[in-house]
Amino acid sequence: MKNVPTEDILLFRSCLVSVEYPGVEASTKFVFDKLGVDYEISDKQTCCTGLGHYSDVFSQIDTTAIGARNFRIARELKRPNLVMMCATCYAINKKSVKLLNKKDDLRNHINELFINNGLEHLTYEKDDLKPTENIFHVVDILYARKDEIKNHVKYDLSGYKIATHHGCHYCKVHYEDTIGGVRDPNVMDEIIAECGCKTIGWYDHKRATCGTGFRQRYSNPNLSFTATADKMNAIDDEDVDILVHLCPNCHIQFDRYQHLIAEREGRNFRAVHLNIAQFLAIAMGGDFDKVIGVRAHTVPVDSVIKDLKEVEK
Amino acid sequence: MRDDLKVGVFLCECGGNISDTIDLDRVKSELDVEFIGQFENLCSLNGRKIIRDAIFDHDLDRVVVAACSPISHEKTFQDYVKPLNPYLMDMANIREQCSWVHSDKDLATHKAISLINASVEKVKQSDAVDPIYCQTPDEVAVIGGGIAGMNAALSLAKQGTKVTLIEQSASIGGHMAKIGKVFSPVKIAEECGMCLLNPILNELVWNENITVLTNTKVIEAERRAGTYNLILEKSPRYVDTEKCISCGKCSEVCEVEVPNDWNDNLSNRKAIYRPFGQSYPEAYVIDMENCTKCSNCVKVCNMKAIRLRGKPERIPLQVGSIIVATGHKLFDMEKRPEYGYTRYDDVITQSELGRITGVNGPTKGKLLKSNGEVPKRVVMIQCVGSRDEKPDGHRYCSKICCTVALKNANIIKHKYPDTDVLICYTDVRTPGMFEKYYKHTQENEVRFLRGRPGEVVKKGDNFIVRTEDTLKGEFVEIEADMVVLSTAMEPSKGTEEIAEILNVGITEDGFIKESHPKIKPVATDVQGIFVCGTAHEPKDITDSIMQATAAASKVSEYNYGGVEIEPFIAEINTERCTVCGECIERCKYKSMSIQNDEIYIDPMSCTGCGKCLIGCKHRAITVNGNIDEKIMSTIKGVLSNKMEGQRMILVFLDNIGYTAADNIGVNRLSYPESIHIIKVISVNRVRPKHIRYALDNGADGVFIGEFPGDLMYDEVERKIQGVKNRIEELGEDPERVTFSKVYIPYFSGLARKFREFDSKIAELDSE
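Chains R and H, in that order, give the protein sequences. Mapping of the first sequence onto our numbering: position 68 corresponds to residue 68, and the numbering continues sequentially without gaps. Start counting at 1 in the second sequence, then tack on 1000, and there's your number in our numbering.
Keep in mind that the hints are not guaranteed to be accurate.
[Said to hold, decoys possible] Covered, in the sense of this in silico footprint (three residues per stretch, anywhere, with C-beta under 8 Å from a C-beta of chain H), are these stretches of chain R: (1) 179-190; (2) 194-208.
[Unchecked claim] Pulled from the structure, derived: some chain R residues nowhere near chain H, Cβ distances all over 12 Å: (3) P80; (4) I252; (5) E312.
[Stated by the list, open to error] What follows is a set of in silico ranges between Cβ atoms, one per label pair, in the way DEER data are often shown: (6) R/P300 to H/T1292: 54 to 60 Å; (7) H/D1509 to R/S59: 35 to 41 Å; (8) R/S42 to H/D1332: 42 to 48 Å.
No wet-lab data here; the hints were simulated from the structure. Every residue gets a Cβ at the ideal spot worked out from N, C-alpha and C, and that includes glycine.
The whole structure should be built from the sequences, with the hints applied where relevant.
Laid out in structure tokens, this is it:
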């Protein structure tokens, strides 16, 4: 496995997390604190451009330039390890580092743009960051600290039927860096196992996309929701209670649209949707309101998770 | 005077391989020689005429051919320069080490000129010498007892050559013994594979020239004086093959049952077992990993053939040549979880289907699902792991899977006409006569769908195979109750291991690399080692046998024709020599001995390393070929057109390192243009004075590579450290000189080392 740091981390904020599910960030901090991960956030950091980039609003040059700016901020804080809560930020930033290191023309062009606009301090030197050694997703850090998890688990969630949905942009874009399998992704299943819970493992469409496809959700809703429905049907066939996510895009597609797809499919879907950090935070005793942020969820979390049972020590 | 010699340079376009990247007009304009010729394919017979005519017309004394690697065509051009002595020609490698590794035309052209200048200066130091012919031992080791190894061994044995056939499993026979039926495209019929294999096996067993060693692996190899000294390790069989009569009583009383790997784990066998009915040696074997040592078998064995104690035995073997026939393995289905192979019993591989439909298989030839019923619809999925660019997949086509699927589909149709068979293919590849068999299969009502299924899921009792029908452009879900996967062929573990032990080159896919894919399909990078069968690349039985017999005939060429040796070896001046024996002590290759009161040097084992020169008080030894002067002149030549600010790194490699460097080009990897490779007979001949001269005259770095298996390795390493210390004393940076291990199979590692050394030198330069 690649070397994963647990210090000098800049926890990279995500627009979707902040706007849609702030509990994901609160839960990540809660869990990182428990696991002794050394991180900080920066209010200077901006959006990775992800949604805009994949909707053709931001070109690759703009996206990479914004990446370069954020990388500089991380280096100035002496926190060169960027850790993302969102799979889109993860893949976008990893790609930007790769491009900045490999494409001399692009790097020079972006540095020129900085210089011409009085932003010399933002210039990026080749190999300032390394794609594999500096760009991570939260699951990478959780996985690296997974032996520590069981020491902090307060509640037993093993009574629920749990499945995982691994985001495409974590698993399939930079697969050489993906932990826990690409074709049969299991990184979250392994983290969840540390809470004493066994996921259902493989299920039909486990590897499939959530259907969001960025603009596809709006420009091709029928195609987009057919993909989501395939997966929701498969999850419901397995009587899943909790679907665990690692990407806020997927999280939105399932949580916000579950009732619409249920209507479309003429069936009642019951699963609730939690980010992996939220799942761990619940198991570690995080406050449902202040840490998990359940009030931002469309499918009520307490429709499934009602009474928590303490683990027997 | 050597400087007045008339040198002719011949530039080869190599059909664009060189001229597309290197601007040959510029090369011509910048060379200062007597004559420059250019031709699209110098190695062709027309090339011979061009070279010969120019030698006559311009009265040339020396020739430089700027073309491919000397490893490809040195012999050709040594022949083409007649009437000149073959050693008055030198090759500048502007293909493997220039046009194939660099893309910047300007830089590649400049480098080509440097390499040609180096050759021009070097060849001026050459003198006419004659090659030496030597004989190697006739004995041959064939590694791998499958259909390829068996045929190679048999062909050699029939020509009177002594062969040792080395097989790591308990029986020879290989994959062919397992596949059940084979088919002939011409007869359009399937026939029993074992019935075809058995006569070959019998013939082999009865041939007195063949020794079969099973349960045996090569664990070490060393080459000395044209002889390979192999160390074999024979694992104990625990059953005496001389005494065992294969009555099978032992197996009946054995209480341990484990999956039978010969049946692809579809049935069980005992801990004492016979691999298969016709296995050879005709004796049982104990699987000690699973044996409980209950001794039941020992008690019932009337022949007293069983011994529960035993140790691996080491066997030395000396041979003149080796045939590698270590075969393939099949793609690991854990890498494609979407097809459910590990989750569902009735998702199987073509290999397992071969066992199931084989009369000597787990169901005695009946096609049955795990519940004992005959399947109603079998879907076959082609290209599983082949032609697959997803993670862990292979980009190559495994070549046999289309016809294997057709064969197994026909076998199913013959026995169970009501079972629907559908093959999901990418392209059906049935060249030549195989096309007739494809047609026959279609007529047999086997159905075909073009599309690579995405996944296999279980819904209720049946599978759903999801795919796009790419001809109709439709998404389809096919119901099936058995799914058969056509898995890719990969190099076997044995193939991987033997490449490392013998230090032969491998391709980027891990198969044994032939020395030229077009015209030398059975020779490897190493003289005296040949390859055949699926260790080389995916191929079918017929192709394996053809290549096996070709390999055998190459060994015969080698045995009858002898080996031509470059004459650049040590020579004794008997008038000065006092036979003090100092050189015998010094020579690491043990090439020197006293015969008839004189020092005798074995030309096969002398490498021309020059170690003996140092200890000879009477200066009675010389090494032919002006090697010191040649290295110095090559350095001068390569640095002669250095530009302002240009980074120049000189890399000294012997034949092994040079082959690895060629492989970087053959596999189209790249490294910086600063890297200039100089081929030397032995890196020990690179003297401190050469390195210092290079650094003082424009080289920014010196890289010396040596194969750690070379007997001089430690010596050279010490010497380079000495040079570095001296450089430091002189106030220079010792980091500019580096010593590195090189291996032929690990060419990508060498490319990486070049890149790293280049960056390090760039850093030093910028300081």
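For this session: Of all the hints given earlier, name the ones this structure violates by number, lowest first.
Result: Violated hints: none at all, because every hint is consistent with the structure.
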